[in-house]
Amino acid sequence: MRIRKNIAVSEEGFLFNPATGDSFSTNGIGSEIIRMLKQDKSTHEITDEICRGYDVDRLLFERDLDEFTALLKDYSILE
Amino acid sequence: MNKKRYERPTLRKMNTGLMNKFGTKTENEPVTHIESVSAKGLLKEYGSPLFVISEKQIRRNFQNASRIFKTRYPKVQFAWSYKTNYLDAVCQIFHQEGSWAEVVSGFEYDKALRNGVPGYKIIFNGPDKTDEQLVTAAKNNSLIHIDHYDELYALIRLSEEHRLKPRVAIRINMDTGIYPKWDRFGFNFENGQAWNALTRIINSPNLDLVGLHCHIGTFMLSPNAYATAARNLCELTWSVKERYGKVLQYVDLGGGFPSTNTLKGAYLPGTDTVPSLDQFADAITDVILGYGFSQEELPLLILESGRALIDDAGYLLGTVLATKRLSDGRRATILDFGLNTLFTSLWYEHKVSPAQPMGQQTEEMILYGPLCMNIDVVRESIVMPLLEKGNHVVVHKVGAYNMTQWMQFITLRPNIVLIDVENNTHIIRKAETMEYIDSLEVVPEHLKTINRH
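These protein sequences, in sequence, are chains A and B.
Be aware that the first sequence starts at 0, since it is given in numbering that gives the first Met the number 0, and climbs by one per residue.
Be aware that the second sequence starts at 0, since it is given in numbering that gives the first Met the number 0, and climbs by one per residue.
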């Protein structure tokens, strides 16, 4: 899973897709996940890192991550 | 190490275009307490979902309405509309405050009697009164509001047979300029039917005509319609006096005053659009006071308000069962109460608040109930914080009609708790159990086992 190269991502959590003209906003966790996806981290590594820093059950986060990445694919942000 | 607070990752597509002229702020203040009682604690003690009623708010509403009308008109009597919420504890609060009972069936009539309301303080409305119920009401000296000619003639016959002289009024329907016009109940004003019925009653030695009644609609948003109704009732009262020399004791304007809930399809929230009770009181009392009755003949003004006195005293607490994303990307949240419990979600956009502090992020979602039925939708679109399984929510203004129109369908009906004026909690209707449902069923002997041989 990789973020498309042409997608612009700001520190504040805004995404812009120049191919479609769509822009998106995400929350803090979403920004962190996108940052890690840009670093080519695996879902396993992302899960480890988030669960280390946040008060969240691992299974719950895995479910949320699945759903989030599915949404990123739907919007053509992920390759 | 203290871990940071987690919230589900969100992604929201930004839409370009004109700004919403009403701004983007949405109300998502958590409601952690009902009166001073913790919502979480209530759910833990009494289960989820849970209806909660505030006695303090009911009394506040009643005293406020009473003050509004009594400072404008000298003779006012409220009669609690049983069908709005006939839980005994709720009725007793209204009766303690001085309300009579307004009932629309034999079942409700018996409930009022069991609650200790004297017969002469019960108004018996509605199109469904059996001969037996009419005789009982007549013997108890209740106010019988006649709905149709069949009932009028039945009452004439029964009064003769039983040598009774019941106190009666007729219900009158009329064009008050609102749509839809309610003409299915009572006798019509404009075509003379009401006058004919009044004449028939006055000519019956066994009936005592004491008043006139109307109920022009429900969730009425036009005070002017009440002014029209009051004027028509005054005109008939005046005509009865002029033609027959009979002074009627009361005019009953019924109910129909709205609460501040938001009706489906409304452009603005109910809190911004619903007229105040003062406006309705002005419309009604100005007409009666200005009609020209002498001080002694000024009729008693009876009001059968239900919804406006109780809606905001009722809350429904519930729990998120699951969240999911629909095929078109929309968020769906499944709650543990649906149409079966919150019947009024069919016509209101109910305000729903989180019952615990939540992050600032919000998302648009559909709120579904737990029923395996496509129609089970609590809110078709609402912006709320990122709800998770196990979170609690509070639905506001659910005191009217839900606890009478709810259905035992798919799930059992939950507990109802009253928070009294000192913030003590009391169960006022127990949650249903399998034993309760079972106790009403009878299985024939040959169907008691699955194996036939």
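These aren't lab readings, by the way, just hints derived from the structure by calculation.
Values in this document were obtained by computation on a predicted structure and should not be read as measured data.
Misleading hints may appear alongside valid ones.
Quick list of the computed label-pair ranges, beta carbon to beta carbon [as the list claims (entries may be wrong)]:
1. A:R51 <-> B:L262: 23 to 31 Å
2. A:K37 <-> B:T403: 53 to 61 Å
3. A:H43 <-> B:P356: 28 to 36 Å
Calculated pairs, DSBU-like style, for lysine-lysine (alpha carbon to alpha carbon, straight line, at most 35 Å) [stated by the list, open to error]:
4. A:K37 <-> B:K323
5. B:K74 <-> B:K12
6. B:K12 <-> A:K4
Listed next, the stretches of chain A that the computed footprint assigns to chain B, with coverage defined by at least 3 CB atoms under 8 Å from CB atoms of chain B [claimed, not checked]:
7. 3-10
8. 34-43
9. 52-64
All residues carry an ideal CB built from backbone N, CA and C; glycine is no exception.
To see whether the hints hold, each was checked on the structure:
Our hint of 23 to 31 Å for R51 (chain A) and L262 (chain B) is violated, since their Cβ atoms are close to 49 Å apart. Against the hinted window of 53 to 61 Å, the Cβ-Cβ separation of K37 (chain A) and T403 (chain B) comes to about 58 Å, which satisfies the hint. A hinted range of 28 to 36 Å for the beta carbons of H43 (chain A) and P356 (chain B) is consistent with their spacing of about 32 Å. Annotation: proposed proximity of K37 (chain A) to K323 (chain B) holds, straight-line Cα distance about 26 Å (limit 35 Å).
Between the alpha carbons of K74 (chain B) and K12 (chain B) the distance comes to roughly 60 Å, so the proposed pair goes past 35 Å and is violated. At roughly 19 Å between alpha-carbon atoms, K12 (chain B) and K4 (chain A) fall within 35 Å of each other, so this suggested pair holds. With a threshold of 8 Å between beta carbons, the proposed coverage of the region 3-10 of chain A by chain B is violated, since 0 of its residues qualify and at least three are required. Taking a C-beta to C-beta cut-off of 8 Å, the region 34-43 of chain A contributes 0 residues in contact with chain B, too few for the three needed, and the coverage statement is violated.
With a threshold of 8 Å between beta carbons, the proposed coverage of the region 52-64 of chain A by chain B holds, since 8 of its residues qualify and at least three are required.
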